[in-house]
Amino acid sequence: MALFLGPACLLLFLCFLAPVVVDVLLAFTDMGRNLRITRFTTENVERLLTGDRRLPGVLAVTGIYVLGTLAIFNLTFALVLALVTTAMPTSAGAFFRAVWLLPRMSPSVVYALLWGWVVAPTDYGLLNQTLQALGLPPIDLKSDAPVALIIVANGFIGASFGMIIFTSAIRSIPEHLFWAAQVDGASRLAIVRHVTLPAIRWQISFVTIYQALSLLVSFEYIWLITDGGPFYDTTVYALYVYQRAFNNGQYAYGAALALGLVLIGITAALILWRLMDMRALLQRPRIEVT
Amino acid sequence: MSTAALPLAEAPVDWQALAARARLRRRLSTAFLYLAMTLGALPVLVPYLWLVTVAFSGRTGASTLVLWRTLAVILPALVLASIVGMAIEDQRRRRRALLLIGGAALALLAIVTGPYLHLNNWRFLWNPDVADALKGASGVGTKFPSVWSAFFNSLAIAGAQMALVVVVSTLAGYYISRFAFSGRPLFLQGLLVLHAFPAMTLIIPIFLMMYWVGLQDTLLGVVLVITALELPFAIFVMKGFFDAVPWEIEMSAMTDGASRRQAFLHVVLPQVKVGMLAIAIFAFLRGWEEYVFVRTLLVAKENWTMSLYLFWTITDVMGVDYALVSAVGVFYVLPSVVLYTFTQKYLTQMTIGGIKG
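Those protein sequences? They're chains A and B, same order as listed. Numbering that gives the first Met the number 0 applies: residue 0 is where the first sequence begins, and numbers increase by one. Numbering that gives the first Met the number 0 applies: residue 0 is where the second sequence begins, and numbers increase by one.
Hints are supplied without guarantee of correctness; some may be wrong.
With the Cβ distance kept under 7 Å, some of the chain B side facing chain A (calculated, not the full set) [what the hints assert, rightly or not]:
no., residue
1, LEU38
2, ALA40
3, SER306
4, PHE341
Just so you know, these hints were derived from the structure itself, not from any lab. For every residue, glycine included, the Cβ atom is placed at its ideal position computed from N, Cα and C.
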């Protein structure tokens, strides 16, 4: 019966644990474009800590991007969506939630293609057509406000995660609390502030950490929409790691850079794991993992 | 309201009017919510609608004419339908009115957009050389592969990955749910940490390991990697489902003479079909849309998946024929959307497993 667990262990070992070890080792080699290791060195780490002039800018962009997306979309907007769709009749709420899940469900290449078209500075760009119809001057988001563009593009996807978690959390609040608040004459906003929000506090901190982590390490949409440009304006840390390794062929330096992400990832994962009530999670009988 | 109204018997309260006013206020606030949500949903929906209209009507350019015309019909129809839906109380009359509005909108849509519709953009389905004929400065050098090769590669990756995830996580979930083995708590905790851990950070070592063992630029390599990434979550889901199956069912099967294996196959497995279905759909969608690992690990054109095919079509043909790009995009996104729409019930409860931001 031990065969039952074998395949899972093997795959998890090969694709999670072994790569971490390989990455650490690789960071101390000189692997370049030819994918060969000739000697071991600490050059990469030194370069990472002192010698990379590009790095401060990349870190700043990463900070703005992660905090901006998290604060505006992944938390605030997600919360608004969850509150509004739960206040609606069930079927209408489900419809609007489905709409906001569409960006997450459609393949990333299609999603990026659409953004490229929407913000295109030419005549056919949807955004500029709308602006002109409203009598506003046209804008070229991709070169004038690229950080705002990647925040919005990622935020449209990120909002649905919090929306789902918050929705199921709001649904599980005992209904009599709302009735009691209404009888006491609380307004809608007061109910949200004093009943709903305190009840879903745990979910809010969970979403914050989980989404901060995934924003920090995911670069797929940025890569597809702006490719880090113009210049390095939207090159976030994770994308920088990837480009150093696969575009410039500096695999060893890329691995050293990735170490930073791996450390952040492990820390955040441990925090998350602490945050989750272990026993409740392990005995969870159905698919809702929260 | 009650303190003022109750003691004054000589000034009778018009309960009817009060109720009517409350109803009106409720309707207004509901209407406001609907309006806000609809306006908010437009930026999400309109680009997809645009993609579809261009795919069926565009001639090389990404004209927005058909899109605006379509919206000009659909939006008023929606507003009218919601007003009618709220105004008519009788159920049968309401349904008849809504059907009438829908039919009228469709007919109007056919009239205003009909002359622009054509299927020429879909020629990539039967003419594999279409991209080559169009492209100028090529990013990929020589010939484009047939779209069907990319389609079946994507299908193979998504399907194989789905099968692996379901089999491996079902076995592991059952074992964890039923057996007390040494190191079980450690394994469970490790699984939880792995679930939160972002595998995207490991792309460089994973690429090198694949290169060293000769799995780089093979579909098998991609399948193994994506499977492993999905596993921590899938195992947890399956364990949860097995936990919900009472132990007594298995016990009674074995009392009746079934072996442990038979009890598992014929008695327990049918109980967790829903869970297997859910992770299967999720894994399939995940494999179908995969881009980063596919782009990194696959190079050869005969290994292209749909995501790479669309990406290179965009890169190579963009500026020449947007309509073709749209058609490819619709062709790619359609399976995802259809599958998602019909299985949304399961998936909305599982999004926590996604690693996307």
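For this session: Double-check ALA40(B) for me: the hint is only fine if its C-beta lies closer than 7 Å to a C-beta in chain A.
Result: holds, 5 Å
Problem set entry | Hint check, PHE341(B) versus chain A [nearest Cβ-Cβ separation less than 7 Å] | violated, 12 Å
Exercise. Hint check: is the beta carbon of SER306(B) less than 7 Å from a beta carbon of chain A?
Worked result: Check passed: Cβ of SER306(B) comes within 5 Å of chain A, closer than 7 Å.
For this session: Tell me if LEU38(B) is really an interface residue toward chain A, meaning its C-beta lies closer than 7 Å to one of theirs.
Result: With a minimum Cβ separation of about 11 Å from chain A (threshold 7 Å), the hint on LEU38(B) is violated.
Checked against the numbered hints above, the structure breaks hints 1, 4 and satisfies the rest.
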